[in-house]
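Let's have the full structure, built from the sequences with the hints guiding it.
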Amino acid sequence: MKRKLFNEQIKDNPLRSKADVKAALTDILAPAMTVLAQQKQKGRFRMSDSGAVYIQEKTEIEGFMRLLWGLGPYFSDRERIYEHPDWYELTTEGILAGTDPDSPDYWGGELGDYDQLFVEMGALTAFLYETKSTFWDQMSTVQQKRIVDWMDQVNHKTIPKTNWLFFRAMVNQFITDSGYHDNQKLIDDDYAITNPQYLGHGWSYDGYVNQIDNYIPFAYQFFTILTVGLAKTDNKQAKLLKERAKAFVPSYANWFAKDGAALPFGRSLDYRFAQAAFWAAYAYAHVDLPDGYTLGDIKHLLLQNLRWWFRQNIFQTDGLIPIGYSYPNMNFAEGYNGPASAYWALKTFIFFALPDDDPFWTTKESDDFKFEPLKKQPEPRMLIAHSKTGLEVQSFTAGQHSHEHAHGEAKYEKYVYSTTFGFSTPKGSVLLKQGAYDNTLAVSETENFWRTAFKYEDYAIHDDYVYSDWKPWDDVEIKNFVVPSMPWHVRVHKIDTKRTVHLAEGGFAAPDYGTDNQKEISTNINNAIFYRTEVGITGIIGLSKELKAELSVPEPNTNILFPKTKIPLQTGVLKPGKYTLVSLYLGDRELESLDENGNLIIPKIQLNGNQLSISIKNHTSSIMLAEF
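Take the sequence shown: its position 265, counted from the start at 1, is 283 in the working numbering, and no numbers get skipped.
Worth flagging that the hints you see were computed from the coordinates, not collected in a lab.
On a predicted model such as this, the values are computed, not experimentally measured, just so you know.
Don't take every hint at face value.
[As the list claims (entries may be wrong)] Derived lysine-lysine pairs resembling BS3-like cross-links, with alpha carbons at most 30 Å apart: (1) K393 / K512; (2) K497 / K394; (3) K635 / K593; (4) K635 / K276; (5) K512 / K497; (6) K566 / K596; (7) K473 / K388; (8) K175 / K60; (9) K250 / K175; (10) K29 / K40; (11) K40 / K60; (12) K566 / K537; (13) K393 / K382; (14) K635 / K512; (15) K58 / K36; (16) K250 / K150; (17) K497 / K596; (18) K497 / K563; (19) K203 / K276; (20) K497 / K445; (21) K394 / K451; (22) K489 / K451; (23) K250 / K163; (24) K563 / K451; (25) K497 / K393.
If you want it as structure tokens, here you go:
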């Protein structure tokens, strides 16, 4: 089959059958395997030459290993080996050469502390389990021992006390199952570190107490349940992991919108449809379902996320997947994102390894999308809000912090994150347009060199609002109160400053492609800006005289969803003193803010002391701001 440019044919794949899933996986793998076949070194995939924190050679080994996440499920059925014998040969010869100390293509016998290849051992382990009868069992003892010896290096080096421990546990589970060593104590020792990191409702922190992000579904949940499914363990630890996965289902389900989009938050978003990997592993390991959920629900969450991703522009002209999110984007990348890192997303295809007679394939996909309009999630420190039919998810956050990763302040510490409007990461901080300050407050001593919150002094997640306390300087304190009222939210800032400060506060970003359906909405509302596009309406109403609203145009390639955007923005200058600033922000996917005539319905806001009231459509809610 001839593939279209940009792998366009995948956008039309309905993902209704196992054959559809196979076609999608083949479409993703084929361009990479074409490159692999033309390269001279075995066990490497050189996709491009952008850099990472590890050396170029290891980015190429990583690229090869990450393809194993898709190749393992593909070749779990021996019949598919006959369909693509060339792929199978490239894959297995690469593994054998990479683990052979006498091969010029050896992956190395002197791996160092914190070596990236320890992460990639997870993919190799999964592949060995998935193809055991056709690959591992057909090897000589010498070949098997070489693989075991190469992977055993992870037990003799230092690795982070984070999600990396699960890769090591996977390796040691396989080594134990292979009969070469009994590494059960090593497995137990690693779980002795990760078990106390558990917070509740399926959530853990990823080695750092203030970092609770996608690595929980990506790794803490995915790799533990995957290992249970691959190794078919049923010991005390396995039962504990299954219970935690079961508890995670209703919580994580709230991170998804009805159209399949998942909440973009935190680091490592380059891994894209790995957002659905937890659902895939859950189905693969046949974990019991929590009350109120069916296998059809799990199937829908999984496949709908894949459908959403396959509608995005995630492929290059040659069909390869570059660094980015919904379009190629190096601006927001992590230091550990190599050229082919995005292929970690292939681990989601573990469900393709389910046999043809597994109930997953005959179970009807649920069309009953389950969501909660507003849900407090104390473990990841969020209030999760859905629009009226669930097409939009917004996460109101406070208290998360990533101390070392690029753009941590943008990825963890904005006021709200959205499945429809995404979030932006800055290109610079000298000018406002470089910062792309959507859904955050930026401050400066002049009109240049802006900063946003990077670790709060205090925070609280309440049932109906989130609170944070930020000190950009020792003599400036900003208390923030963010109150959801979908599709609106209210922000109250209580500011005490001993110096003159410039402020800039943004709303939701939206696409700016110059089309007729992207336009500013004219209103007679004082100090307000509204911008309507094909994805909805964004806007600001400034209720404080100190700030003036405008529609700003940030640098391109700053938003993770849209390569060019506009952002409703408020700016102003505060002299030394005490201030209370109140504003309304709109991020409306479903046009809930419009009446039957297409006019905006504006909430009425009153702040009396620490009592905030929001009135809209004959309904008034009253919120007491305890920290005010």
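Structure-based check of each hint:
no.: 1; hint: K393 / K512; result: holds (26 Å)
no.: 2; hint: K497 / K394; result: holds (20 Å)
no.: 3; hint: K635 / K593; result: violated (38 Å)
no.: 4; hint: K635 / K276; result: holds (25 Å)
no.: 5; hint: K512 / K497; result: holds (5 Å)
no.: 6; hint: K566 / K596; result: holds (18 Å)
no.: 7; hint: K473 / K388; result: violated (34 Å)
no.: 8; hint: K175 / K60; result: holds (26 Å)
no.: 9; hint: K250 / K175; result: holds (28 Å)
no.: 10; hint: K29 / K40; result: holds (14 Å)
no.: 11; hint: K40 / K60; result: holds (25 Å)
no.: 12; hint: K566 / K537; result: holds (20 Å)
no.: 13; hint: K393 / K382; result: holds (28 Å)
no.: 14; hint: K635 / K512; result: holds (28 Å)
no.: 15; hint: K58 / K36; result: violated (34 Å)
no.: 16; hint: K250 / K150; result: holds (14 Å)
no.: 17; hint: K497 / K596; result: holds (11 Å)
no.: 18; hint: K497 / K563; result: holds (19 Å)
no.: 19; hint: K203 / K276; result: violated (44 Å)
no.: 20; hint: K497 / K445; result: holds (27 Å)
no.: 21; hint: K394 / K451; result: violated (33 Å)
no.: 22; hint: K489 / K451; result: holds (23 Å)
no.: 23; hint: K250 / K163; result: holds (23 Å)
no.: 24; hint: K563 / K451; result: holds (23 Å)
no.: 25; hint: K497 / K393; result: holds (23 Å)
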